[in-house]
Amino acid sequence: MNPSVVIVDDHELFRAGVRSELAEHVEVVGDATGVDTAVPAILAAEPDVVLLDVHMPGGGGVEVIRQVAKVRPEQRFLALSVSDAPDDVIAVIRAGARGYVTKSISSAELADAVRRVADGDAVFSPRLAGFVLDAFAGSLPATQVDPELDQLTAREREVLQHIARGYMYKEIALRLGISAKTVEAHVSAVLRKLQLSNRHELSRWAVQRRLVD
Amino acid sequence: MATAAPSAERTPPKRRRWRGSRRIAVGVALLVLAFLLALRQLGLLFPDAIVWPTMLAAAGVALIWRQWGGRGRPAPPPTTVPPADVAGQEQRAAVRNLYRGGFGVALIVGAGLLFLYANGALSGLGDVALTALVAIAALGLILAPFWWRLANTLAAERAERIRSQERAEVAAHLHDSVLQTLALVQQRASDPKTVATLARRQERELRDWLRGRPPTAERESFAAALDAAAEAVEEAHGVRIDVVAVGDRPLDERAEALVAATREALTNAAKFAGEAGPVSVYAEASPQRVQVFVRDRGPGFRLDGVPADRRGVRESIVGRMARHGGSATVHTAPGQGTEVELVLEDGRGE
Chain H
1 MNPSVVIVDD HELFRAGVRS ELAEHVEVVG DATGVDTAVP AILAAEPDVV LLDVHMPGGG
61 GVEVIRQVAK VRPEQRFLAL SVSDAPDDVI AVIRAGARGY VTKSISSAEL ADAVRRVADG
121 DAVFSPRLAG FVLDAFAGSL PATQVDPELD QLTAREREVL QHIARGYMYK EIALRLGISA
181 KTVEAHVSAV LRKLQLSNRH ELSRWAVQRR LVD
Chain C
1001 MATAAPSAER TPPKRRRWRG SRRIAVGVAL LVLAFLLALR QLGLLFPDAI VWPTMLAAAG
1061 VALIWRQWGG RGRPAPPPTT VPPADVAGQE QRAAVRNLYR GGFGVALIVG AGLLFLYANG
1121 ALSGLGDVAL TALVAIAALG LILAPFWWRL ANTLAAERAE RIRSQERAEV AAHLHDSVLQ
1181 TLALVQQRAS DPKTVATLAR RQERELRDWL RGRPPTAERE SFAAALDAAA EAVEEAHGVR
1241 IDVVAVGDRP LDERAEALVA ATREALTNAA KFAGEAGPVS VYAEASPQRV QVFVRDRGPG
1301 FRLDGVPADR RGVRESIVGR MARHGGSATV HTAPGQGTEV ELVLEDGRGE
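Protein chains in written order, with this note's numbering: chain H, 1 to 213; chain C, 1001 to 1350.
In short, the hints are calculated from the structure, not lab data.
Some clues are possibly wrong.
Quick partial rundown of chain C residues pointing at chain H, CB under 7 Å, derived from the structure [as the list claims (entries may be wrong)]: (1) Val1244; (2) Val1246; (3) Ser1280; (4) Arg1295.
Below are the DSSO-like pairs computed for lysine-lysine, each with C-alpha atoms no more than 27 Å apart in a straight line [as the list claims (entries may be wrong)]: (5) H:Lys103 to C:Lys1193; (6) H:Lys170 to H:Lys181; (7) C:Lys1271 to H:Lys103; (8) H:Lys103 to H:Lys170; (9) C:Lys1271 to C:Lys1193.
Every residue, glycine too, gets a C-beta built ideally from N, C-alpha and C.
Isolated chain H (complex conformation):
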C-alpha cells in the first residue's frame, strides 16, 4: 500500500510537480501553502508523512511541526528545502522532522525517502550527514559529555560518512557487512542524538531559529 502524504509548500509549481511525479508511489491526500492552512489540513487528513517545506511565510516548517506536535505528536515529517544552510536543516530536525532532503532530489529517491519515513526510519541526505558529522566533530570536556547523546559511536560515524559519500542504505549494509535494518537503526540513533543532544553547536543552531526559549 502506498503511503498517504500531505504536501506543504508555498510554491505552486513545486506542489504540482511533486504531485505528478510521486503519483505512482504515494497517495497525496492534501496540500497547503502556509503555516495557517497546513496545520488544519494535516490534522484533518492524518497522513503517514507530511512533505514539509522549510521556508514558508509565517514561521516556516518548524512552526508547522510545533503546532501539529501539540495535537498529534506521532505525526511524521520529511523536510524538503532548496536551502542547504546548516542552521535551517538542524533546526527542522531538532523540531522533530524525521529526515531532510533537498529539492534537487530525484523523484525515485524522494519516493523512497517518503516510504522510509512512513516506516518510521530516518532519512539523511549526504549533506545532512555532513552537517551532523560537523556538529559532532571535535571533543568536549569530559565532564560535560553525555556519551548517550553527545557523541557518535564509531559505527554511527562510519554509516554517516558512507551516506555523505553518496551510498544508499543497501550499499552501506553490503560494504560494512551488516544488515540494512542495522544501518537504519544506526541512522535512527543518530537522529535521536541530533534531536536531544545539548552539544553547543546544535544548541547554537537551535537558538538562532528560536527553538529554545
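On the provided structure of chain H, position chain C as indicated by the hints.
The following block gives chain C in isolation, referenced to the frame of chain H:
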C-alpha cells in the same frame, strides 16, 4: 622650596620631567613676584589685590605653556623599556599631561577669581550665576524635544539611504546574474543539457552570494577550493557533482595537490560515468588528516584490466598524491560504480 628637589640620578626620567615643570612654574611665579615687589619698591604702587593673583596666573601660564607648547617634541622613550610597556607608559604620560594642564588652568582661573574677589566684583556674581543656570536649564528643556526629533530624523534618513542602496545592489546583482541566466534558458529551451548546466551554474553562484562567501576564499580555504574544482568540472562536462565537506583547513601546497588530484578524479568520473547520475564528493578535513572520496554511479571497471599506457589515474592521481606524501586508492568493480579515495596524513609540520 627648591631644596626639596632630589638628585637627578635617582629620579626616573618621567618623574624628573614633571618635577622640572613644577619647578619651572614655581620659578616663574617667584620671578614675577620678585619683579612686582621690585616695582613696588621703586614707588609704582601695586596693591596686594594685583600682586598675588598675577603671581598665581604666571605659575599657571608657565605650566600650560610648557605643557602645550612642548607637545611638538615628545621626550624619547627610554630604550630599556620593553615594547609591551611602552603603551602603558604613553597612557600614563597622557594622564599626567592632562592633570598638569588642568592644574595650570585651575591656577589661572583661581587667579582671576581671586582678583575679582579682592576687588569686590564677585558680590553680585551669585545671583547672576543662578540666573544663567536657570536660563540654560529652561532652554535645554525647551530645545530637548527638537534635538531629539532632529537626531531621530537624521538616523531614519540614514537607515533609509542604506536600505535603498542595498536594494539597488541586490537589484543590480539579480539583473546581472539571475535575469541573464533566465534569458539564456529561454533561448536554449530546446537543449536540456545546456539549460541544466546554466541553471546549476546560476544556483551555485547565487548560493555563494547568499552565503556571503568572498570570491577570494577559494585561494585560501581547502573546502572552497574543492567547491571551485567541482564547479569547473561540472561546467566542462555538464554532469551534476554534489560536494559535502566536513571541516576545513588552509590551502597549503599539499592541500592544493589534493584538490588537483580530486579534480582529475572528478574529470574521469564525469567522462566515464556522467550519464549514470550525479557524482558525489565527500571531504573530511582535520588538522591531522584530509580525506576525499569521489564516487560515481557508473559501470565501474576491472582495475587489472586497465592498459598500462593509461596514465590519467596513475600519474595525475596516484603519482601526484604519492609525491606529496599521500595515497590514492581506487575501489571499483564492474556494475558497482567507482570510488577514488584520496588521503593526506600530516606527519610533519602544521
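Q | 27 Å limit on alpha-carbon distance, applied to hinted pair Lys1271 of chain C and Lys1193 of chain C | A | holds (15 Å)
Q) Should the hint that Val1244 of chain C touches chain H count as held when the rule is a Cβ pair under 7 Å? A) holds (4 Å)
Q.
Less than 7 Å between beta-carbons is the criterion; does Arg1295 of chain C satisfy it with respect to chain H?
A. holds (5 Å)
**Q.** 27 Å Cα cutoff - pair Lys170 of chain H, Lys181 of chain H
**A.** holds (9 Å)
Q.
Need the status of pair Lys103 of chain H, Lys1193 of chain C: alpha-carbon distance at most 27 Å?
A. holds (19 Å)
Q) Hint check: is the beta carbon of Val1246 of chain C less than 7 Å from a beta carbon of chain H? A) At 5 Å from the nearest chain H Cβ, Val1246 of chain C passes the 7 Å test, so the hint holds.
Q.
Hinted pair, alpha-carbon criterion (27 Å max): Lys1271 of chain C, Lys103 of chain H. Please report holds or violated.
A. holds (26 Å)
Q) Can Ser1280 of chain C be said to touch chain H, with a Cβ gap under 7 Å? A) With a closest approach of 3 Å, the Ser1280 of chain C hint holds.
Q. Under the criterion that the straight-line Cα-Cα distance not exceed 27 Å, is the pair Lys103 of chain H, Lys170 of chain H satisfied?
A. holds (22 Å)
In the structure shown, no violation is registered for any of the earlier numbered hints.
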